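For the protein sequence lines, the chains are A and B, in the order given.
Letter by letter, the first sequence follows residues -12 to 449 in the numbering used here.
Letter by letter, the second sequence follows residues -12 to 449 in the numbering used here.
Because the hints were derived from the structure by calculation, they are not lab data.
Please read these numbers as outputs of a predicted model, since none were measured by experiment.
Each hint should be verified, as a subset may be incorrect.
Unchecked claim - Using 20 Å as the maximum straight-line C-alpha spacing, the simulated SDA-like pairs for lysine to any residue come out as follows:
(1) B:312 / A:247
(2) A:265 / A:279
(3) A:265 / B:198
(4) A:277 / A:247
(5) B:265 / A:277
(6) A:265 / B:201
(7) B:312 / A:202
(8) B:312 / A:272
(9) B:263 / A:202
(10) B:265 / A:344
(11) B:265 / A:266
(12) A:265 / B:86
(13) B:312 / A:297
(14) B:349 / A:297
(15) B:336 / B:235
(16) B:242 / B:176
(17) A:336 / A:269
(18) B:11 / B:86
(19) B:265 / A:226
(20) A:449 / A:64
(21) A:263 / B:345
(22) B:312 / A:266
(23) B:277 / A:449
(24) A:263 / B:201
(25) B:265 / A:342
(26) A:265 / B:347
(27) B:449 / B:166
(28) B:277 / A:344
(29) B:263 / B:176
(30) A:95 / A:202
(31) B:263 / A:198
(32) A:263 / B:405
(33) A:265 / B:263
(34) B:312 / B:405
(35) B:95 / A:202
(36) A:164 / A:342
(37) A:432 / A:130
(38) B:405 / B:428
(39) B:312 / A:-4
(40) B:263 / A:344
Next come the chains, spelled out residue by residue.
2 protein chains.
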Amino acid sequence: MENIKSYVQQHKDRFINELIELLKIPSVSADTAYSQDVIDTAEAVKVSLSKAGCDFVEICDTPGYPIIYGEKTIDPNLPTVLVYGHYDVQPPDPMELWTSPPFEPVIKTTDIHPEGAIFARGACDDKGQMYMHVKALEYMVQSNTLPCNVKFMIEGEEEVGSASLAWFVERNQEKLKNDVILISDTGMISNQQPSITTGLRGLSYVEVEVTGPNRDLHSGLYGGAVANPINILAKMIASLHDEDNHITIPGFYDKVQELSAEERAEMAKAPFSLEKYKNALNIADVYGEKGYVTNERNSIRPTLDVNGIWGGYQGEGAKTVIASKAFAKISMRLVPNQDWHEITELFTKHFTNIAPAGVTVKVTPHHGGQGYVTPIDSIGYQAANKAYTETFGVPAIPVRSGGSIPIVSLFEKELKSKTILMGFGLDSDAIHSPNEHFGIFNYLKGIETIPLFYKYFVELSK
Amino acid sequence: MENIKSYVQQHKDRFINELIELLKIPSVSADTAYSQDVIDTAEAVKVSLSKAGCDFVEICDTPGYPIIYGEKTIDPNLPTVLVYGHYDVQPPDPMELWTSPPFEPVIKTTDIHPEGAIFARGACDDKGQMYMHVKALEYMVQSNTLPCNVKFMIEGEEEVGSASLAWFVERNQEKLKNDVILISDTGMISNQQPSITTGLRGLSYVEVEVTGPNRDLHSGLYGGAVANPINILAKMIASLHDEDNHITIPGFYDKVQELSAEERAEMAKAPFSLEKYKNALNIADVYGEKGYVTNERNSIRPTLDVNGIWGGYQGEGAKTVIASKAFAKISMRLVPNQDWHEITELFTKHFTNIAPAGVTVKVTPHHGGQGYVTPIDSIGYQAANKAYTETFGVPAIPVRSGGSIPIVSLFEKELKSKTILMGFGLDSDAIHSPNEHFGIFNYLKGIETIPLFYKYFVELSK
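Based on the sequences and whatever the hints tell you, model everything.
Laid out in structure tokens, this is it:
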């Protein structure tokens, strides 16, 4: 029976083409204009799981987009791995910055990916990384090496808060029973240095609306005499950070888990070049909370960023108007022990309080999730580390990520099991940005590494 | 020979229908998508001037949109009135707030306009007010009561800075020679209380672009570690006003003409109800520069307002992105003695200086104009006041307007003559806003009043 390396070599063109077909469907969950595409993608994922060897696959209806559930049970007495992933993607805009259409996948080489990378929205986040697990299952079934039971749960609302997933998990705890949850929706340090994400930030995402006069006004006749909602919104947003870039919302930091000097010293060992970082982004300097370095600011510290702002005249030329309303989308990344519901309340209360009398403010929570930290002494972590060590030749480094996978803490609460984040993406893959891509090397390496996780997880569980 | 009152009564339906036809053409000068409509409007204005009785009318090409010039000379030894107006209009957006389509004029009654008002973009600003002069000429020619020579100069770029008009005036000083310039592009206090605008604010309009990282970034992986262009833009905009709402740009107030206590006391006599003002706008309170009241803030004081802002994700739902760029359109209203070129330079210098190292800033001047004050002891002002007094039954009150007609100071410089601003609009006409309208009463009253200006101007000139 051929081993995984040769199986991947033999089938890699098909593996790549199958992923490309999946990437062609624009499954943008944030925009209802794409809703049929999202549903078509769910169907495609279902078919792929059946072909890969699941005994049972179903499309489960939810209040939102469907969840695909699949399973293969070889022996009830053996452990069960639950694989989670998502088939929805971020909106592609700004379209004009894509060098090739976001839903017409093409393979191009880059300095980091000399073997080529697939350029398309969702290539890495998360269709590519999710599909590695489908192909890993195919191999284990074909080679009869699947050492335990496996369940798949692939959702379509991860990019908009996973509301339906929470609904689904709460109602299917028995069906989803497992010994470990395996997710590939994160990154690693480099193609030479694998890493395992042990911490995630939480998230609170809100939309704010500032209303001034009941209609747009002529800025000459009213300018200077009434509160201009755009100026006021700018002033309110600016006031959310102080001169040291600390967030000014009362109580915001009360529950923040501060790391010890030892832990921070440990983090500082991860390879990082500030010059390369600045050059990659073409910025003269970094910017952030006083008292912390870049790798701390984007992982162990909470943040507040405006993700979108709009109001007034945005067309060609000039319009001398005072807009009646101004809007912004604001997200806060949270760290362990901050509760996203509580932070959302603190934000809403504060933002409403700081509005001057001349305007009214509306805050609409979009979604959120809790932060998460996984222990590195768990069987799951050890199994993942052995798998990486075998395929990459070096052990994985544990890292705290600044990103959020809101449902990870939900899984622990509802399913009472730990999640292992085996990411194969790179920071340079431009997820959530134009020209998102996923290295062929990374895709195939993931397919190669995953079966080893199953192998070692079962061995260590004995 | 019938008099003006009965002539207007006899022809008012035609006067209204002719204006409605003109309002149907969407002559939005700020948006090139409408360029053919702007040119069609120029042609329609030319035809209307010929029909009204001009001896000579021509469409004059310019680097931008054409200027319509028309004249009727009855005796070179008599005075000449130069009528200025504009046939271009503001962009109609936000479209969704219009109760009827902006370019499908309809007549509706309002509390202020029981006889009805024409609702359409440009109804008041300035097609309606400009067309009053065309119909007034028609009457004077038909009734053989035109007491002097008249010239018309109607442009198509007033809403975008009148760049071509300046070019045209500088090259046609002899052709445009006149004794007084008459413009109806302002408002009056109410339909019971006419007023004449004696002061206008200047304008500097700029667009700013703040660029951070070279691409949109995932707010989880980069949030808190790099300068977010939207947060930075908000912070920079907020810093342009201090806690007393004084503008913080160094040198901004250096040349501002301060009014004496007497002048401010005189201004305070104009009828004004703060409660009605707040209720009309549905705001809990006014907002502006400390030490000045509403009617001063919007007329004799310079201001800075953001007219538009945009950046990042503005679509449905949520996108956790840090945008590469953020933009704003900012206008400053200027008062006499402030030079708009100088203020634009001061803004550009200051705004660039306050940008942190993590971003780059680009400031693009759009257009501007100087402020203006007209003396109330001039023949032109006296003639206008007598005309209003005769048709309204009460004398006009001189008021300083917060608006800008950038070319008025240009006229004085190039043509060496004073401008009289005989406005017939009302603040409630919602110019530059959705549901702009112009009262039938105001439109017909204007046609009635204008010939009296000619009569008294010639009498007082003897």
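Comparing the hints with the structure gives:
A threshold of 20 Å between alpha carbons decides the hint, and for residue 312 (chain B) with residue 247 (chain A) the separation of about 36 Å lies outside it, so the pair is violated. This hinted pair checks out: residue 265 (chain A) and residue 279 (chain A) have alpha carbons roughly 17 Å apart, not beyond 20 Å. Proximity of residue 265 (chain A) to residue 198 (chain B) is assessed by CA-CA distance (about 14 Å); at most 20 Å being required, the pair is judged to hold. Under the criterion of a C-alpha separation no larger than 20 Å, the hint pairing residue 277 (chain A) with residue 247 (chain A) is consistent with the structure, at around 17 Å.
For the hint pairing residue 265 (chain B) with residue 277 (chain A), the CA-to-CA distance comes to about 43 Å; that exceeds 20 Å, so the pair is violated. Restraint check: the Cα-Cα separation between residue 265 (chain A) and residue 201 (chain B) comes to about 10 Å, which is no more than 20 Å; the hinted pair holds. Under the criterion of a C-alpha separation no larger than 20 Å, the hint pairing residue 312 (chain B) with residue 202 (chain A) is inconsistent with the structure, at around 28 Å. In summary, the hint linking residue 312 (chain B) to residue 272 (chain A) is supported, as the alpha carbons are separated by about 16 Å, within the 20 Å threshold.
Straight-line distance between C-alpha atoms of residue 263 (chain B) and residue 202 (chain A) comes to about 15 Å, which keeps the hinted pair within the 20 Å bound. Only pairs whose Cα atoms come within 20 Å are accepted, and residue 265 (chain B) paired with residue 344 (chain A) is accepted, the gap being roughly 12 Å. The hinted pair formed by residue 265 (chain B) and residue 266 (chain A) fails the criterion: a straight-line CA distance of about 52 Å is larger than 20 Å. The suggested pairing of residue 265 (chain A) with residue 86 (chain B) is violated, with an alpha-carbon distance near 51 Å, which exceeds 20 Å.
Between the alpha carbons of residue 312 (chain B) and residue 297 (chain A) the distance comes to roughly 13 Å, so the proposed pair stays at or under 20 Å and holds. Pair hint residue 349 (chain B) plus residue 297 (chain A) holds up; C-alpha atoms about 19 Å apart against a cutoff of 20 Å. In summary, the hint linking residue 336 (chain B) to residue 235 (chain B) is supported, as the alpha carbons are separated by about 12 Å, within the 20 Å threshold. Under the criterion of a C-alpha separation no larger than 20 Å, the hint pairing residue 242 (chain B) with residue 176 (chain B) is inconsistent with the structure, at around 29 Å.
The straight-line distance between the Cα atoms of residue 336 (chain A) and residue 269 (chain A) is roughly 37 Å, outside the 20 Å bound, and the hint therefore fails. Between residue 11 (chain B) and residue 86 (chain B) the alpha-carbon distance is near 16 Å, which keeps this suggested pair within the 20 Å criterion. At roughly 27 Å between alpha-carbon atoms, residue 265 (chain B) and residue 226 (chain A) are farther apart than 20 Å, so this suggested pair is violated. The hinted pair formed by residue 449 (chain A) and residue 64 (chain A) meets the criterion: a straight-line CA distance of about 11 Å does not exceed 20 Å.
Proximity of residue 263 (chain A) to residue 345 (chain B) is assessed by CA-CA distance (about 15 Å); at most 20 Å being required, the pair is judged to hold. Between residue 312 (chain B) and residue 266 (chain A) the CA atoms are separated by roughly 17 Å; this keeps the pair inside 20 Å, and the hint holds. The straight-line distance between the Cα atoms of residue 277 (chain B) and residue 449 (chain A) is roughly 76 Å, outside the 20 Å bound, and the hint therefore fails. In summary, the hint linking residue 263 (chain A) to residue 201 (chain B) is supported, as the alpha carbons are separated by about 14 Å, within the 20 Å threshold.
Restraint check: the Cα-Cα separation between residue 265 (chain B) and residue 342 (chain A) comes to about 17 Å, which is no more than 20 Å; the hinted pair holds. Proximity of residue 265 (chain A) to residue 347 (chain B) is assessed by CA-CA distance (about 14 Å); at most 20 Å being required, the pair is judged to hold. The hinted pair formed by residue 449 (chain B) and residue 166 (chain B) meets the criterion: a straight-line CA distance of about 12 Å does not exceed 20 Å. About 15 Å separates the Cα atoms of residue 277 (chain B) and residue 344 (chain A), which keeps this hinted pair within 20 Å; it holds.
At most 20 Å may separate the alpha-carbon atoms for a hinted pair to count; residue 263 (chain B) and residue 176 (chain B) meet this at roughly 14 Å. Note on residue 95 (chain A) and residue 202 (chain A): the hinted pairing is violated, with a Cα-Cα distance of about 50 Å set against a maximum of 20 Å. Taking the CA atoms of residue 263 (chain B) and residue 198 (chain A), the gap is near 19 Å; set against the 20 Å cutoff, the hint holds. Of the supplied pair hints, the one linking residue 263 (chain A) and residue 405 (chain B) is violated, its CA atoms being roughly 63 Å apart against a limit of 20 Å.
The suggested pairing of residue 265 (chain A) with residue 263 (chain B) is violated, with an alpha-carbon distance near 55 Å, which exceeds 20 Å. About 45 Å separates the Cα atoms of residue 312 (chain B) and residue 405 (chain B), which puts this hinted pair outside 20 Å; it is violated. Straight-line distance between C-alpha atoms of residue 95 (chain B) and residue 202 (chain A) comes to about 19 Å, which keeps the hinted pair within the 20 Å bound. Taking the CA atoms of residue 164 (chain A) and residue 342 (chain A), the gap is about 48 Å. The hint is violated against a cut of 20 Å.
A distance of roughly 18 Å separates the Cα atoms of residue 432 (chain A) and residue 130 (chain A); the hinted pair therefore holds under the 20 Å criterion. At roughly 28 Å between alpha-carbon atoms, residue 405 (chain B) and residue 428 (chain B) are farther apart than 20 Å, so this suggested pair is violated. This hinted pair does not check out: residue 312 (chain B) and residue -4 (chain A) have alpha carbons roughly 43 Å apart, beyond 20 Å. Note on residue 263 (chain B) and residue 344 (chain A): the hinted pairing holds, with a Cα-Cα distance of about 17 Å set against a maximum of 20 Å.
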